[in-house]
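Here are the chains, one letter per residue:
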Amino acid sequence: MSADAFLDVQAVTKRFGGFQALTAVSLRIRQGERFGLIGPNGSGKTTLINCISGTLHADGGRILFEDRDITTLPAYRRTRLGIARSFQIPKPFTSMTALDNLRIPIEYARAGHHDGVVDEAMGILGQVGLAAKAHVLSAALTQIEMRKLELARAMAARPKLLVSDEAMAGLSSGEVDDILAILFQLNQRGITIIMIEHIMRAVMRFSERIAVLDAGEKIAEGRPEEILANERVERAYLGE
Amino acid sequence: MHGGRFALVAIAVVAAGLLVAKLGFNQYYYFAAYVVLQYVVLATAWNILGGYTGYVNFGTPAFFALGAYTAVVLIKSMKAPLLAQLVAGAAVSGVLGLAIGYLTLRLRGVFFSIATLALAVVLQTMFVNWEYTGGARGFSVARPATAPLVGNYVQFLFVVMLALAVVAVATARWIERSWIGRGLAAIRDNEEAAECMGVPTLRLKLVATTVSGLLMGLAGAPFPYYVTFVEPTSVFDLNYAVNSLAMPMIGGTSTWMGPVVGAVLLGTAQQVATVTISSALNLLLVGVILVAFVILAPEGIVGLVRRLARRGRS
Chain R
16 MSADAFLDVQ AVTKRFGGFQ ALTAVSLRIR QGERFGLIGP NGSGKTTLIN
66 CISGTLHADG GRILFEDRDI TTLPAYRRTR LGIARSFQIP KPFTSMTALD
116 NLRIPIEYAR AGHHDGVVDE AMGILGQVGL AAKAHVLSAA LTQIEMRKLE
166 LARAMAARPK LLVSDEAMAG LSSGEVDDIL AILFQLNQRG ITIIMIEHIM
216 RAVMRFSERI AVLDAGEKIA EGRPEEILAN ERVERAYLGE
Chain H
3 MHGGRFALVA IAVVAAGLLV AKLGFNQYYY FAAYVVLQYV VLATAWNILG
53 GYTGYVNFGT PAFFALGAYT AVVLIKSMKA PLLAQLVAGA AVSGVLGLAI
103 GYLTLRLRGV FFSIATLALA VVLQTMFVNW EYTGGARGFS VARPATAPLV
153 GNYVQFLFVV MLALAVVAVA TARWIERSWI GRGLAAIRDN EEAAECMGVP
203 TLRLKLVATT VSGLLMGLAG APFPYYVTFV EPTSVFDLNY AVNSLAMPMI
253 GGTSTWMGPV VGAVLLGTAQ QVATVTISSA LNLLLVGVIL VAFVILAPEG
303 IVGLVRRLAR RGRS
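Protein sequence lines correspond, in order, to chains R and H. In terms of the working numbering, the first sequence opens at residue 16 and continues consecutively. In terms of the working numbering, the second sequence opens at residue 3 and continues consecutively.
Extracted from the complex, chain H is given alone in its bound form (with noise of 0.2 Å):
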């Protein structure tokens, strides 16, 4: 797709969005696309990392609690406005990751994913701790009572969240296709002969932290408003890390329509899964899913069907 072609795809896409949201369907629907649309932010958020640059990164629940948190403070100390929320949740969330590109000078692969996982629990245990926040009793949020652009503030979530998908799906997009891409990929092949090939790999990887962690915080900054509740095991859930990963290493991880192909596949599945089965059985079903396609499609459902495209041709 050129990138004119692209836009006009991402405008007509946030259009339709708009458009269903005024439609006013049950409101579940919304309730639902709205987790995927999350999902899509998340796990293209995490691919900039570890897709890309080959950082596997276990602490999304940080970055997304972190930008929600920052919302709650907003809405606490101020009322913000939501746009203020979005602004401020990505910026600290950026900040945090920025902190996180540092780590990669001293911790590399298996070792760089504890780190990042510890962060989590780390931040989980501060924010339990945190009186302001509510600590462990969680957060009240008064929803504004009314929303513009479309009556309902569910379905205006929901317009916001597909354009935060948009919004980071064209940023991987434009990395990906940029000489930084190129640059994050010669990292992940390898760090040192990207080095002496004269990749400035630290300044690199910080921006590929950053620009994840800010993605997720901009994910996480909408969620008190989605909620109306926060607290800190729901925020801090292990189904963000593992969602993060999966969604993309399902999708594929070489470019910017895998992890959007594994996020609206398995995220579907997942809110289909927790209406007619269980909510339990979500975690186990990405379980089944991840193993099969690391065996099977190690370059997930676009490289797969890459490959029987060229061998269709050939």
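Chain R on its own, in the form it takes in the complex (with noise of 0.2 Å):
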């Protein structure tokens, strides 16, 4: 096992009844990159993410994390190890004001950090652009600022590895500049990102590599540029 596989995804399978979501999927994350993660509809990225996280457990195939196997661990350990995802579809603690949707992972992904949590998560939404929000129910939110509290409470967990599913969709050029933004800086920080996206423009400028889905194989991995020329990722698009 080499050294430089922070996260290494090995021949990961999941089946839904009948349905083969996930054939033998490989990966291998080094430490501080920026991967893209890209694929049709359908093609099974969110589910190799929700087995990467936790809230999904594979049926075959091995993934570790630090050299550590995590394959059967539940997910809130994966967090407190420091794998953080955002959801696709905004998942916010809807009772819960912005700040306080912040002080679940303050609290419960790092235990021992009690102190001075309200500071720290003023911090952080203030790094996102939602520090004038933090005393609003996260349910009145609009959709952008929904997607960055999904960010923001992904950093709040302090992680390693931050996987970003579907940050973009929907948003104008301008707010997805933003994200990326947002999502560069933690990069620089020293956190690992995968970000999945169907923005092209903004996946092929943020990702050092890219790996390409379809029908739950992986069918290309390489340098954006490379991807971009590759055959079989066009006709995965485009059809024949």
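Accuracy of the hints is not assured; some may be wrong.
To be verified - Calculated cross-link-like contacts (lysine to aspartate or glutamate; reagent style DMTMM-like; alpha-carbon spacing at most 25 Å):
| hint | chain 1 | residue 1 | chain 2 | residue 2 |
| --- | --- | --- | --- | --- |
| 1 | R | K148 | H | D191 |
| 2 | R | K175 | H | E193 |
| 3 | R | K175 | H | E194 |
| 4 | R | K148 | H | E193 |
| 5 | R | K148 | H | E301 |
Just so you know, these hints were derived from the structure itself, not from any lab.
Since each chain sits alone in its own frame, please combine them into the complex, following the hints.
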């Protein structure tokens, strides 16, 4: 096992009844990397993310994080090890203010850090531009604000690996740039990032390497320009 | 209310109750107050799981009856004192709560609720067929001749239930304000997101179901001495399921105060209706009030008052 695999996904397979959602997908992601995951709708991107974050458990294969086998760990344990995610459809804690939304990961993801919770939460809200909304109920936020809150909540868990699941779907190009800037900033602080995205402009600009899923199989992996030139990828997206 | 002030109020409430018990009013008032206080315990217990965590439990009678029948077994087998009955009743119902907690792994939302309803039916059938506790015929209990503190046993039970209510409310209040309460709220809002934010959802749900079940058993344990006759249809009464759900909904599910307000108001109204009109009217009364609140003030009385106060300030 080479030391440079920070997250090592080994031949992960997932079935839902008779439907094969993932077939022996392997990924090796290095520490500090910006990694893009793309593919047509229904290709298994979110299923793969669910298997990595622990909301689903793989039927076959192994997942190693920092050389530790996490294949069967429950999701909350993985979060505590340093894997955080945002959801494709924002899932804020609707009965809480934006500030209290961040208290959950601060109090739970890092056991023993209970001093200065409010200050820390305010700081993170400031970084994503939500400081003015700290005391607003999260259910009353706009779509872009909810997506920023998703990211802020994941950041509050102090992750080593952040998985961003379509954080930009449905946003205007200015808003996409906002989110991209936040992700670049996090990466500069040493956080490894996996970005799932349909907005090609964003993924191509952001990612150092990209993997392409189609019908549950990895059909390509490489630098953005290699992916753009790949014929199989083109066929997967545009048909024969 | 701060912790210190809350503790003072709690002690004052129990002391006042003791004084009221010593004064020796008409027996009926102690009987009626006991029922209202019993509902404070049940509603508070229900709210820990239903209000804080978002798992609606229709099985209150199962936990309540298990507490009562545990006391019956202790009385019959060894004439155990009331304190032992309370501890054992709470423990047995707490274990049942823990078991129900594991159900939440597979059953969510309405499916969980149906399972809890089924649990009450299954347990009732068991006790109907268990000869040791009298089966369907029921079991007569003789109260101890004398009561500590206050001479009369009904008055003593009133003080006991008041103390239990204070314990239940204090427990709910502590959970609500601690990191556990915020974790439960996260589970209620979105269980998947909570788990991904590091909340050990299963463990917290087990805490909620166990504490909730334990408190319900605690409410049921003094019941044999209270009515002196225990039979399945009365301890597995649908009223317990409906009331323990309706009272927090009417009072407000988001704070410990809600179930208390709901139980005192609705419980008292039911007692008055029983005496002045008929006991059959109780369920109708609850139904109508519940429907009115769900439509007009879904956040309950406490939520309504807070909203009005906020509007008044701004």
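These are the hints, each one checked on the structure:
1. Proximity of R:K148 to H:D191 is assessed by CA-CA distance (about 19 Å); at most 25 Å being required, the pair is judged to hold.
2. The suggested pairing of R:K175 with H:E193 holds, with an alpha-carbon distance near 23 Å, which does not exceed 25 Å.
3. Restraint check: the Cα-Cα separation between R:K175 and H:E194 comes to about 20 Å, which is no more than 25 Å; the hinted pair holds.
4. The straight-line distance between the Cα atoms of R:K148 and H:E193 is roughly 24 Å, inside the 25 Å bound, and the hint therefore holds.
5. Taken as a hint, the R:K148 and H:E301 pair is honoured in the structure, with Cα atoms around 23 Å apart against an allowance of 25 Å.
The earlier numbered hints are all upheld by this structure, with none contradicted.
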